[in-house]
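A.B. asks: One-letter residues, chain by chain:
2 protein chains.
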Amino acid sequence: MKKLINEPKNFVDDTVRGIIAAYGDRLQLLDGDPRILLSGYPTADKKVGIVTAGGSGHLPMFLGYVGKGMLDGCAVGNVFASPASSKMAQMIRACDRGNGVLCLFGNYGGDKLNFEMACEEVEFDDIKTEMILVSDDVASAPKESSERRRGVAGLVYAYKIAGAAADRLWSLEQVCQVTRRALANIRSMGVATSPCILPEVGKPTFEIGEDEIEIGMGIHGEPGIEVRKMMRADQTADVLLDRILDDLPLTEGDEVSVMVNGLGATPLEEQLIFYARVHERLSALGVKIYMPHLGEYATSMEMSGLSLTLFKLDPELKELLQAPAQTPFYTNLNKGEIV
Amino acid sequence: MKKLINEPKNFVDDTVRGIIAAYGDRLQLLDGDPRILLSGYPTADKKVGIVTAGGSGHLPMFLGYVGKGMLDGCAVGNVFASPASSKMAQMIRACDRGNGVLCLFGNYGGDKLNFEMACEEVEFDDIKTEMILVSDDVASAPKESSERRRGVAGLVYAYKIAGAAADRLWSLEQVCQVTRRALANIRSMGVATSPCILPEVGKPTFEIGEDEIEIGMGIHGEPGIEVRKMMRADQTADVLLDRILDDLPLTEGDEVSVMVNGLGATPLEEQLIFYARVHERLSALGVKIYMPHLGEYATSMEMSGLSLTLFKLDPELKELLQAPAQTPFYTNLNKGEIV
Numbered sequence: 001m002k003k004l005i006n007e008p009k010n011f012v013d014d015t016v017r018g019i020i021a022a023y024g025d026r027l028q029l030l031d032g033d034p035r036i037l038l039s040g041y042p043t044a045d046k047k048v049g050i051v052t053a054g055g056s057g058h059l060p061m062f063l064g065y066v067g068k069g070m071l072d073g074c075a076v077g078n079v080f081a082s083p084a085s086s087k088m089a090q091m092i093r094a095c096d097r098g099n100g101v102l103c104l105f106g107n108y109g110g111d112k113l114n115f116e117m118a119c120e121e122v123e124f125d126d127i128k129t130e131m132i133l134v135s136d137d138v139a140s141a142p143k144e145s146s147e148r149r150r151g152v153a154g155l156v157y158a159y160k161i162a163g164a165a166a167d168r169l170w171s172l173e174q175v176c177q178v179t180r181r182a183l184a185n186i187r188s189m190g191v192a193t194s195p196c197i198l199p200e201v202g203k204p205t206f207e208i209g210e211d212e213i214e215i216g217m218g219i220h221g222e223p224g225i226e227v228r229k230m231m232r233a234d235q236t237a238d239v240l241l242d243r244i245l246d247d248l249p250l251t252e253g254d255e256v257s258v259m260v261n262g263l264g265a266t267p268l269e270e271q272l273i274f275y276a277r278v279h280e281r282l283s284a285l286g287v288k289i290y291m292p293h294l295g296e297y298a299t300s301m302e303m304s305g306l307s308l309t310l311f312k313l314d315p316e317l318k319e320l321l322q323a324p325a326q327t328p329f330y331t332n333l334n335k336g337e338i339v
Numbered sequence: 001m002k003k004l005i006n007e008p009k010n011f012v013d014d015t016v017r018g019i020i021a022a023y024g025d026r027l028q029l030l031d032g033d034p035r036i037l038l039s040g041y042p043t044a045d046k047k048v049g050i051v052t053a054g055g056s057g058h059l060p061m062f063l064g065y066v067g068k069g070m071l072d073g074c075a076v077g078n079v080f081a082s083p084a085s086s087k088m089a090q091m092i093r094a095c096d097r098g099n100g101v102l103c104l105f106g107n108y109g110g111d112k113l114n115f116e117m118a119c120e121e122v123e124f125d126d127i128k129t130e131m132i133l134v135s136d137d138v139a140s141a142p143k144e145s146s147e148r149r150r151g152v153a154g155l156v157y158a159y160k161i162a163g164a165a166a167d168r169l170w171s172l173e174q175v176c177q178v179t180r181r182a183l184a185n186i187r188s189m190g191v192a193t194s195p196c197i198l199p200e201v202g203k204p205t206f207e208i209g210e211d212e213i214e215i216g217m218g219i220h221g222e223p224g225i226e227v228r229k230m231m232r233a234d235q236t237a238d239v240l241l242d243r244i245l246d247d248l249p250l251t252e253g254d255e256v257s258v259m260v261n262g263l264g265a266t267p268l269e270e271q272l273i274f275y276a277r278v279h280e281r282l283s284a285l286g287v288k289i290y291m292p293h294l295g296e297y298a299t300s301m302e303m304s305g306l307s308l309t310l311f312k313l314d315p316e317l318k319e320l321l322q323a324p325a326q327t328p329f330y331t332n333l334n335k336g337e338i339v
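Respectively, the protein sequence lines represent chains L and S. At the far end of the first sequence sits residue 339, using the working numbering, and the numbering has no gaps. At the far end of the second sequence sits residue 339, using the working numbering, and the numbering has no gaps.
Be a bit skeptical, because a hint or two may be false.
Any copy, or any two copies together, can satisfy a pair, since identical chains are not distinguished.
Listed next, the in silico DMTMM-like pairs over lysine to aspartate or glutamate satisfying Cα-Cα at most 25 angstroms (straight line) [to be verified]:
id : residue 1 : residue 2
1  : K2        : E222
2  : K2        : E212
3  : K229      : D246
4  : K312      : D25
5  : K143      : D254
6  : K2        : E210
7  : K9        : D211
8  : K2        : D211
9  : K2        : E280
10 : K318      : E130
11 : K229      : E200
12 : K335      : D13
13 : K47       : E316
14 : K128      : E173
15 : K335      : E319
16 : K2        : E207
17 : K203      : D234
18 : K9        : E212
Please keep in mind that the hints were generated in silico from the structure rather than gathered at the bench.
Could you build all of it, start to finish, from the sequences and the hints given here?
C.D. replies: Structure (structure tokens):
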């Protein structure tokens, strides 16, 4: 294992220490707890709180989206492991401003169970909560049982929409409604070409042959739907796009935002080459692309590969997508309209 | 070789096609030439032009800094190879608005030779040019012959300062003066833990042992000053920081911007762990950090490792650093003061 880290068992705490060292003027830990990060940006009274939680090792997912116009708080666990429900409950309490808190997170067993317990716990403090599970990965279950699908990079769009809705001081019900509508329009799928190594394990999480690519793999190394011989970027884009379009049909005149997400070790050059094909295919369908997102949004440490996310827009969703957001790790201020 | 690309020989053109597909509303090619990228952002008349050039394979360096408040144009060559002088000359002509053009680039033989020829060529069109070579890599030559040093991630700060000065409609002389002052205050050094593969070659550019780290390596795989047994992040930070501080002494009350630059495959988590140590060391010296930059700024495709850059600020340089800049690949709008 060749990682620029210190003690493997301190990987998460050391990472969070780095976040606070760099961005302590705009992010803060709840009572110094390195597993509960809160926004330090100015926030309107009465705003509905938007929080998430998940395992570490996916930066900028999850911690990186705490900030203005996105998340108010995030609890993280160990690498690829859910944080405890008690941490989630503390975070929810800290992010409630009297109008409730939306718990918006990926559809993973541990996170779901713990968030359920946390929401029950804060009910005793009369804090109103709602849970929305993100399950955008089309490869992880068939359409008929889409509620079993995993949440991947589509979470970023969900945070963006929910955060913008909350910033407009919408009620918890309204925030949930528009977030659910956004999620109905978001689909993702990924490929991996090399695994990552868990710091405390020191060995790759899975193996991929020298000449192979795994289609539909999860960001924790969950097996994909198929292992193929290594493919060209264009062919890879076609495979992912076909599967997504099968689930989210698009027709001429539709408008989408496209996210190409590097899983950690995939150069920007490769993401752009892949994107060129997605753009070509969507253009041929008469589909317009608005505010593409290229870069690293939900990684698996040094895994290589990428995922594709499509987010079909309507006028309201587009407005919420373009509402200004800034966290130390994400902003749309250099995207969208040119000012 | 496992890259998500199409024909290896089309790597650069396909990448640029992706850039235009994604950002064609704000960037444009000069007469459709995929090797000459120009800003499409609104630009003031009479602004001094700021241009650069270099090899491909380092995104976001170089193309990624074309935009508002940074570069007006960038010419790129093949992977790790300088573009032809004729391309540079065309770019300079396109970026001149009557007040001259600053050619700001890394200190590499090919780029220097070609820019010299290009500047001579445009002299016939009465275009005033200045060349400033960036040589921030302290590992690449001793202090006494610092003019031989290579240019690495410090280029980003140089683009930022020159771009902000030009945006204020300063004269070419004034822009050069402040850029030179900035460069006198910028130092970098990097380490590599794994090589990258050139698309058309298909083999790693160099070898590093399973348990080794190369100190002071260049972003094209230029040999470093020392190969060591793999080190912890803290120790690595100390090695780079000590060498940089030896060259750029800092004392209590000084203010610096710090850039931790992932070389391509290094997770954000590791960059943050490394940064925590840099922050700790500088804090112990009484040095303040302003607007840290963490992420990928000058890569070597899928090389793993990172570089550290320190930029010592004075009030004017700080103001120019914080002047708003936005390109599709870079912005400081989510850095600096919180609005």
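A.B. asks: Now tell me if each hint is right for this structure.
C.D. replies: Status of each hint after checking the structure:
no., hint, result
1, K2 with E222, "both (23 angstroms within a copy, 20 angstroms between copies)"
2, K2 with E212, "both (23 angstroms within a copy, 8 angstroms between copies)"
3, K229 with D246, "within (23 angstroms within a copy, 50 angstroms between copies)"
4, K312 with D25, "between (35 angstroms within a copy, 20 angstroms between copies)"
5, K143 with D254, "within (21 angstroms within a copy, 59 angstroms between copies)"
6, K2 with E210, "both (19 angstroms within a copy, 8 angstroms between copies)"
7, K9 with D211, "between (33 angstroms within a copy, 20 angstroms between copies)"
8, K2 with D211, "both (23 angstroms within a copy, 7 angstroms between copies)"
9, K2 with E280, "between (38 angstroms within a copy, 23 angstroms between copies)"
10, K318 with E130, "within (24 angstroms within a copy, 44 angstroms between copies)"
11, K229 with E200, "between (31 angstroms within a copy, 20 angstroms between copies)"
12, K335 with D13, "between (32 angstroms within a copy, 23 angstroms between copies)"
13, K47 with E316, "within (19 angstroms within a copy, 39 angstroms between copies)"
14, K128 with E173, "within (11 angstroms within a copy, 62 angstroms between copies)"
15, K335 with E319, "both (13 angstroms within a copy, 24 angstroms between copies)"
16, K2 with E207, "both (17 angstroms within a copy, 14 angstroms between copies)"
17, K203 with D234, "between (31 angstroms within a copy, 22 angstroms between copies)"
18, K9 with E212, "between (32 angstroms within a copy, 22 angstroms between copies)"
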